[in-house]
Amino acid sequence: MTLAPGRSDRVFITGASSGIGAALAREYAARGATLGLLARRRELLAELVAGLPYPERHRIYAVDATDRAGLDAAAFDFIAATGGADIVIASAGISHGTLTERPADMQVFDAVFATNVGATVATFAPFIASMKAQAGPCRLVGIGSVAGIRGMRGAGAYCASKAAVHSYCESLRLELRATNIKVVTIAPGYIDTPMTRHNRFPMPFLMPAGRFAAQALEVIARGHSYRVLPWQMGVVAKLLRLLPNGLFDFAFSRAPTKQGKGEA
1 MTLAPGRSDR VFITGASSGI GAALAREYAA RGATLGLLAR RRELLAELVA GLPYPERHRI
61 YAVDATDRAG LDAAAFDFIA ATGGADIVIA SAGISHGTLT ERPADMQVFD AVFATNVGAT
121 VATFAPFIAS MKAQAGPCRL VGIGSVAGIR GMRGAGAYCA SKAAVHSYCE SLRLELRATN
181 IKVVTIAPGY IDTPMTRHNR FPMPFLMPAG RFAAQALEVI ARGHSYRVLP WQMGVVAKLL
241 RLLPNGLFDF AFSRAPTKQG KGEA
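Residue numbering for the sequence shown follows the UniProt record's numbering, starting at 1 and increasing by one per position.
Simulated from the structure, these hints should not be mistaken for lab results.
Bear in mind that the values here come from a model prediction, so they are computed numbers and not experimental data.
C-beta: ideal position from N, C-alpha, C; glycine also.
One should not assume that every hint holds.
Stated by the list, open to error - Beta-carbon label-pair distances, calculated as ranges:
#1 252 <-> 111: 23 to 33 Å
#2 180 <-> 81: 14 to 24 Å
#3 81 <-> 235: 35 to 45 Å
#4 243 <-> 179: 35 to 45 Å
#5 246 <-> 56: 52 to 62 Å
Based on the provided sequences and hints, a complete structural model is requested.
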């Protein structure tokens with residue numbers, strides 16, 4: 001059983017003020033959904049909602065996704081206001097270059113895992129009981145990354161956190177298999193967002209955020225368990241996974257590194 005991709009859905013999205021989260025919000029709103037949008041920056045959320053169809057229909061929550069009490073309160077408010085959520089998307093994420101030998105990066109590792117992994121779990125948790133009580137199909141959507149397929153030089157925190165998202169969502173999918181809730185993992189490749197514009201290396205198959213969002217809605221509606229977008233990066237990801245470690249190490253040990261936190 002599939003969902004219509006957007007129309008009349010009640011959709012809760014974290015990391016909604018920019019990037020992938022904002023693009024998903026625009027696409028769902030254009031298709032008639034009622035939205036709960038959570039991010040740290042209230043002014044950006046308000047600006048986003050003002051440009052959506054039927055802005056009075058949507059609710060905004062100026063909450064850091066790592067604030068579990070605040071996230072719980074936002075989730076329960078959205079459930080009370082709308083009667084439940086059909087789709088919950090854990091889109092909040094951060095990315096910084098990291099080096100394990102650099103003492104200052106230990107705090108960066110903690111922050112990346114707290115946002116990319118801990119907040120994904122905390123986003124889903126308050127919705128599961130109410131979703132199980134609903135009659136129709138529901139979706140929990142984790143936003144992973146092709147960076148979670150293999151570790152890359154200078155990106156240990158980001159790659160490891162996204163690999164953790166993939167594994168966590170797989171575990172949750174098994175836990176909820178007998179229910180009306182499908183767990184969907186989407187692994188973006190390079191999407192044109194403020195996060196990727198800081199990258200100082202080539203980004204093959206760079207995809208506009210709006211096009212990504214339109215394709216993601218179809219994946220979510222169909223309840224696919226795992227999908228890489230764009231599809232070309234899915235092919236690249238499979239090839240990287242098949243490379244023997246010796247060849248992988250030779251090819252990527254001197255690759256450019258991701259920008260560290262605070263670097264110009």
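Hints, verified against the model:
1. 252 <-> 111: 23 to 33 Å: holds, 25 Å
2. 180 <-> 81: 14 to 24 Å: holds, 21 Å
3. 81 <-> 235: 35 to 45 Å: holds, 42 Å
4. 243 <-> 179: 35 to 45 Å: The hint (35 to 45 Å, Cβ to Cβ) holds, given that residue 243 and residue 179 are roughly 37 Å apart.
5. 246 <-> 56: 52 to 62 Å: Holds, at about 59 Å.
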